[in-house]
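S.K.: Taking the hints into account, I'd like the entire structure generated from these sequences.
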Amino acid sequence: MKSLILGGTPFSGLKSSETFKAMDDVTFEVEQGEMIGIIGSNGAGKSTLLKILVGTTKPTSGTITSAGKISALIELGAGFHPEITGRENIFVNGIMLGLSKKEISEKYDEIVRFAELEDFIESPVKTYSSGMYMRLGFSVAINVNPDILLIDEVLAVGDEAFVHKCIDKINNFKRRKKTIVIVTHSLDVVATMCDRAIWLEKGKVEKIGEPKMVVGAYRLDVGRREEGELAERHAGRKLEIDAGPGDGKDRRRWGTREIEIEEVSLRDQTGEERFVYESGEPLNIVMKIKAKEKVEDFAFGIGIFSSEGVCCYGTNTQLENYQARMFSGTGSVTFRIDSLNLLDGTYSLDVAAHKKDGYPYDYHRSICTFRMTSDCGDTGIFRPAHVWDFSRGIEWE
Amino acid sequence: MFENLKNAYNYRALIQSLVVRELKARYRGSVLGFFWSFLNPLLLLLVYTVVFTFFLPQRGAMDEIQPYALFLFTGLLPWTWFSTSLLESASVMSVNANLIQKILFPAEVLPFVNVFTNLCHFVLGLPILFAFLIIFSKPFLPYLFLFPLIMLIQMIFTLALTLLISSLSVHFRDIRDILANLLTLWFFTTPIIYPIQIMDNSKLRFLFDLNPMTHIVLAYQDVLYHGRLPSMLKLSCMALFSIIAFLICYAIFDRLRDTFAEEV
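Chains as they are written, first to last, in the numbering used here: chain A, 9 to 405; chain B, 105 to 368.
The reader is advised that the hints may include incorrect statements.
As the list claims (entries may be wrong) - DMTMM-like mimics (lysine to aspartate or glutamate), calculated; alpha carbons at most 20 Å apart, straight line:
id, chain 1, residue 1, chain 2, residue 2
1, B, 206, A, 271
2, B, 128, A, 271
3, A, 29, B, 366
4, A, 66, B, 304
5, A, 296, A, 271
6, A, 177, A, 196
7, A, 66, B, 313
8, A, 66, B, 366
As the list claims (entries may be wrong) - Now the stretches of chain B that chain A is said to cover, found in silico as 3 or more residues with beta-carbon under 8 Å:
id, region
9, 206-213
10, 307-317
11, 353-367
What the hints assert, rightly or not - Computed far set for chain B versus chain A, every beta-carbon distance over 12 Å:
id, residue
12, 184
13, 202
14, 286
15, 304
16, 335
17, 341
Bear in mind the hints are in silico, worked out from the structure with no lab data behind them. Bear in mind the structure is a predicted one, so any value in this text is a computation, not a measurement. No residue lacks a Cβ here, since even glycine has one placed at the ideal position from N, Cα and C.
M.R.: Following this line, the structure appears as structure tokens:
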């Protein structure tokens, strides 16, 4: 007790194993009128950084200097009391954020209108849906009219229309030469709206600079990490295959094993095994097969499924009119895709060896998982090869 | 520290709106609403009066205090303000954790809001007290003008303790439970339900003199019940003591301020 009050910092005696360094040696400057985006994986220290910028958390070492009124959209509606009405909460929350009663009265209509809560403003806040609650919080915070706006991942929670409104409002702020610091996982927002981006990793600045460059580097790193993860998972599956024929209960593999698929790998055009592919890249599915005795009736098939279980494509040699004659011993089958036009997402692969009538020799369900990335924001599962044609009079830059 | 203290004064609009919020939120949805501010002290009074007139009849010095209900009320009402403020201050930080963590929020506002909210309940209970004074046709109370002064002293003293408790309870959650029991003991060792005279011959009398609440309650009883001038010397000492306590407690609060956001 005594040391707590007299000592400079309480609990300075905590062992280093009990404390966690959320941020270390992060130095940067933000100019007035600049919009800066902070990206990084979970636990990288992004929110800690914002908390320090707001001033709710004090850094153990280092300083923050700022000029102008700061408003933070860290947790919208943090000060709302559920029992009292929206109107009363606007006033209390506004005063908390540093407005005077008079200023709030002047902005009151604008706040309510922006939040689209005209009909519910006299109801207690506890009756609001989470969307209404957030809209009100955003509306109050944005109307504080700060010089510096700090935003923490609020764009991720609203519905589409509200997100558009928020982005409009943020652009409006930009035009008025206000400074904005935004923490977000929507990399497109950073790439398109920010003037500069900071990529934090484990509490340190990994990269800082032009947003497209930083976002690109971050995406690449995420891809590499996913690659490692999928490779690990694949290694696990391989072991399962090596363990020999399943007992039938294992729904991931079934069949009579006249022909066995011993190994499946995904390879790029250079023959290297990879698990993350850019949309449009070539992909080879290579199966190592073995038959103990001579087999005369056989076909090979593959199926690609999205993470929701939708079959994106499936085919087999029988459908494509390959007539089986004979196979024995060991061999390999390669399914070559010159341009894999699947869009962003995780996909799984089924492979099979079976009789012409479908009777299974060896069927593997989700033997491989791979990830597709696409930096152009098109949507869906599949990108058909395409071009746009325009008549005369439609001009482009 | 004095810079911060000056800021605290600037937060009065915030404090005011938060007090109003607390008062509104407290009774929103209950049928009797604000009447509970009247009813609560009245019912409490009823309980004590029944207990001490029927179950534990008074003897000796207790006989002298008639009407007992009025005597009891003059001490009970300020005590409720005091003890409720203290008890609530032990959890006021954790209840409002999101404000401290998510908004740049002056934390000292919270114990202030807490004391002032309970002050409002205290003030709302006063009409009942004065109604009692009229019903029991107490003689003209010549020193009633001292009543606000006693309130002020009590307020400063209460603020001091709530600042201390609220800041320490961030780090030591046990304080709340310790405090609840301590307050029960404190209540019975303050001359609220009995006159101080019954302790006159006791060796423990000096303990009563060391209890700040004794002097505050006695001053209330002097002004409201006996209609006589309270000891101005003791009252001045209490005023000085309260101010010093407030400054010390505020300094402690100020010192711990930066740790709240992380610990709460």
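S.K.: So, for every hint listed, does it hold in this structure?
M.R.: Comparing the hints with the structure gives:
Taking the CA atoms of residue 206 of chain B and residue 271 of chain A, the gap is about 53 Å. The hint is violated against a cut of 20 Å. Taking the CA atoms of residue 128 of chain B and residue 271 of chain A, the gap is near 70 Å; set against the 20 Å cutoff, the hint is violated. With a C-alpha separation of about 13 Å, the suggested pair residue 29 of chain A and residue 366 of chain B falls inside the 20 Å cut-off, and the hint holds. Distance restraint check for residue 66 of chain A and residue 304 of chain B: the Cα-Cα separation of roughly 54 Å exceeds the 20 Å cut-off, and the hinted pair is therefore not satisfied.
Of the supplied pair hints, the one linking residue 296 of chain A and residue 271 of chain A holds, its CA atoms being roughly 5 Å apart against a limit of 20 Å. Of the supplied pair hints, the one linking residue 177 of chain A and residue 196 of chain A holds, its CA atoms being roughly 17 Å apart against a limit of 20 Å. Between the alpha carbons of residue 66 of chain A and residue 313 of chain B the distance comes to roughly 43 Å, so the proposed pair goes past 20 Å and is violated. Taking the CA atoms of residue 66 of chain A and residue 366 of chain B, the gap is near 9 Å; set against the 20 Å cutoff, the hint holds.
For the region 206-213 of chain B, the stated coverage by chain A holds: 4 residues have a C-beta nearer than 8 Å to a C-beta of that chain, and at least 3 were required. Coverage of a stretch by a chain is defined here by at least three residues with a beta carbon nearer than 8 Å to that chain's beta carbons; for the region 307-317 of chain B and chain A the count is 0, and the condition is violated. Counting residues of the region 353-367 of chain B whose beta carbon lies closer than 8 Å to any beta carbon of chain A gives 7, which meets the minimum of three for the stated coverage. Non-interface status of residue 184 of chain B relative to chain A is upheld: no Cβ of that chain comes within 12 Å, the nearest being about 22 Å off.
Remark: the non-interface label on residue 202 of chain B conflicts with the geometry, its nearest Cβ contact in chain A lying 5 Å away (cut-off 12 Å). Remark: the non-interface label on residue 286 of chain B is consistent with the geometry, its nearest Cβ contact in chain A lying 16 Å away (cut-off 12 Å). Every CB of chain A lies more than 12 Å from the CB of residue 304 of chain B, the least distance being 37 Å, so the non-interface label holds. With a minimum CB-CB distance of about 34 Å to chain A, residue 335 of chain B clears the 12 Å threshold, and the non-interface call stands.
At roughly 26 Å, the least C-beta separation between residue 341 of chain B and chain A is larger than 12 Å, which holds for a residue marked as non-interface.
Going through the hint list in order, the structure does not satisfy hints 1, 2, 4, 7, 10, 13.
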